[in-house]
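Chains as they are written, first to last, in the working numbering: chain A, 1 to 225; chain B, 1 to 219.
Treat the hints with care, as some may be off.
Simulated DEER-style distance windows between Cβ atoms [claimed, not checked]: (1) B:T86 x A:D9: 16 to 26 Å; (2) B:P136 x A:D17: 55 to 65 Å; (3) A:W55 x B:A109: 30 to 40 Å; (4) B:S10 x A:G25: 39 to 49 Å.
Rather than coming from a laboratory, the hints here were simulated on the basis of the structure. No residue lacks a Cβ here, since even glycine has one placed at the ideal position from N, Cα and C.
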Amino acid sequence: MSAPTGVVDQALVWLNDPLTWTEPGGVLELTGEHLLMTAVAVAVAAAVAIPAGAWLGHSGRGAGTVVWLTNASRALPTLGIILLLAAGGLFGNTATVIAAAFFAVPVLLVNTYEGVRGADPDARDAARGMGMSGGRILLQVELPLATTLVAAGLRTTIVQVVATIPLAALAGGGGLGQIIAFGMGTQRYGEVLAGGVLVAVLCLLIDAALAVGQRLATPAPLRRM
Amino acid sequence: MPGNPWFSWSYVVGNAPLLWERTVEHAGLTVEAVAISAAIAIPLGALVSRSRWLSGPVLGTVAVLYTVPSLALFAILAPLLGIGRTPVLVGLVVYALLIILRNTVAGLATVDPAVLDAARGLGYGPGRLLVQVAMPSALPSIIAGLRLATVSTVALVTVGVVVGYGGLGQLMFQGFRNNFYRAEIMTATLATILLALLLDLVLWAVGRALTPWLRRRTA
Numbered sequence: 001m002s003a004p005t006g007v008v009d010q011a012l013v014w015l016n017d018p019l020t021w022t023e024p025g026g027v028l029e030l031t032g033e034h035l036l037m038t039a040v041a042v043a044v045a046a047a048v049a050i051p052a053g054a055w056l057g058h059s060g061r062g063a064g065t066v067v068w069l070t071n072a073s074r075a076l077p078t079l080g081i082i083l084l085l086a087a088g089g090l091f092g093n094t095a096t097v098i099a100a101a102f103f104a105v106p107v108l109l110v111n112t113y114e115g116v117r118g119a120d121p122d123a124r125d126a127a128r129g130m131g132m133s134g135g136r137i138l139l140q141v142e143l144p145l146a147t148t149l150v151a152a153g154l155r156t157t158i159v160q161v162v163a164t165i166p167l168a169a170l171a172g173g174g175g176l177g178q179i180i181a182f183g184m185g186t187q188r189y190g191e192v193l194a195g196g197v198l199v200a201v202l203c204l205l206i207d208a209a210l211a212v213g214q215r216l217a218t219p220a221p222l223r224r225m
Numbered sequence: 001m002p003g004n005p006w007f008s009w010s011y012v013v014g015n016a017p018l019l020w021e022r023t024v025e026h027a028g029l030t031v032e033a034v035a036i037s038a039a040i041a042i043p044l045g046a047l048v049s050r051s052r053w054l055s056g057p058v059l060g061t062v063a064v065l066y067t068v069p070s071l072a073l074f075a076i077l078a079p080l081l082g083i084g085r086t087p088v089l090v091g092l093v094v095y096a097l098l099i100i101l102r103n104t105v106a107g108l109a110t111v112d113p114a115v116l117d118a119a120r121g122l123g124y125g126p127g128r129l130l131v132q133v134a135m136p137s138a139l140p141s142i143i144a145g146l147r148l149a150t151v152s153t154v155a156l157v158t159v160g161v162v163v164g165y166g167g168l169g170q171l172m173f174q175g176f177r178n179n180f181y182r183a184e185i186m187t188a189t190l191a192t193i194l195l196a197l198l199l200d201l202v203l204w205a206v207g208r209a210l211t212p213w214l215r216r217r218t219a
């Protein structure tokens, strides 16, 4: 292995080459693929977790299950699940999206659950007194009050999915992780370093953008700061 | 090869020494990472919760580090620190840091001000106040942080496979490369989960032994 400075130089040279970015399968295309997979995985997870969390929170059932699911999901090694899916015949980007969505569900579920469950009982009571049905209370009172927590959950989820997708590159999936996996496979450590920096920067940029989005999504009366 | 079962006892029995070696490697790395992290995060948490102007920047910096994906962090550290154990250990310490730090700060923030006042009235100095009054009160939250950090670290170690040191993750990846040897991947995955649960149980027991007053209260 070359000296550390050599690796940094290689990474800089690689990152400075315009072709690195624009060639087919280059950084720009991989970033696009990465973001597309993220969007699909988050959409799938949200479609499952938000209605389920809202319903469980509204009915007050399943508190134990929700907490257990969140804790258990932390112990699951993401890499193991991705490799098991691959060994079961599920390869490439579809498998990546499924695995990423799978790990995104607990975070969203628990945040939606806590948000709806934690809605001010007085507001819920007032809504009931005004003759609102259960469904209307959920949609017009509890969910708006839960926006802060749901938005926070979405932000965590999106960043987590962006971070999970590179792992799937080890099992042949796409996205920016390919640069790291390819560099490791060919012992070009400059590219490994560059790939790591690209993935890290993408995550930090998305987190920063979502921090702004989260503030905008929070109804004005609930904003603090 | 006759079939490719998801699980096979003959694999477990035949590879018991290797499985054991990887599990010990995995557990050792986890314990070391969480211990180093706790040695940094608990004093830092105590320091940070004393001054408001310090807590923002410190927690913010650690949170930014936590946002960097594990694979990317290992990939960045490996060329700089060399392939092998060191980059994985450093990366794991960074991730455990945020969890333990947050819980320490949160635990210290919930200490009853009346209790602190009473201790001050009894003539406790700031050092004794922290060690003998504030820390024991914050202990349940700190232990919860240690448990969470340990469970996450066990799962994260597997990612170390990219830099050639992933404990049980090595077996998962080896099984994947070895014509999708399902039994190997499954066994390593299950062993990882069991290790996480076991270490969690140990910490739970330690926490219970260290906070006997909580048991008396609920009993």
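Hints, verified against the model:
no.	hint	result
1	B:T86 x A:D9: 16 to 26 Å	holds, 21 Å
2	B:P136 x A:D17: 55 to 65 Å	holds, 58 Å
3	A:W55 x B:A109: 30 to 40 Å	holds, 34 Å
4	B:S10 x A:G25: 39 to 49 Å	holds, 42 Å
Checked against the numbered hints listed earlier, the structure breaks none of them; every hint is satisfied.
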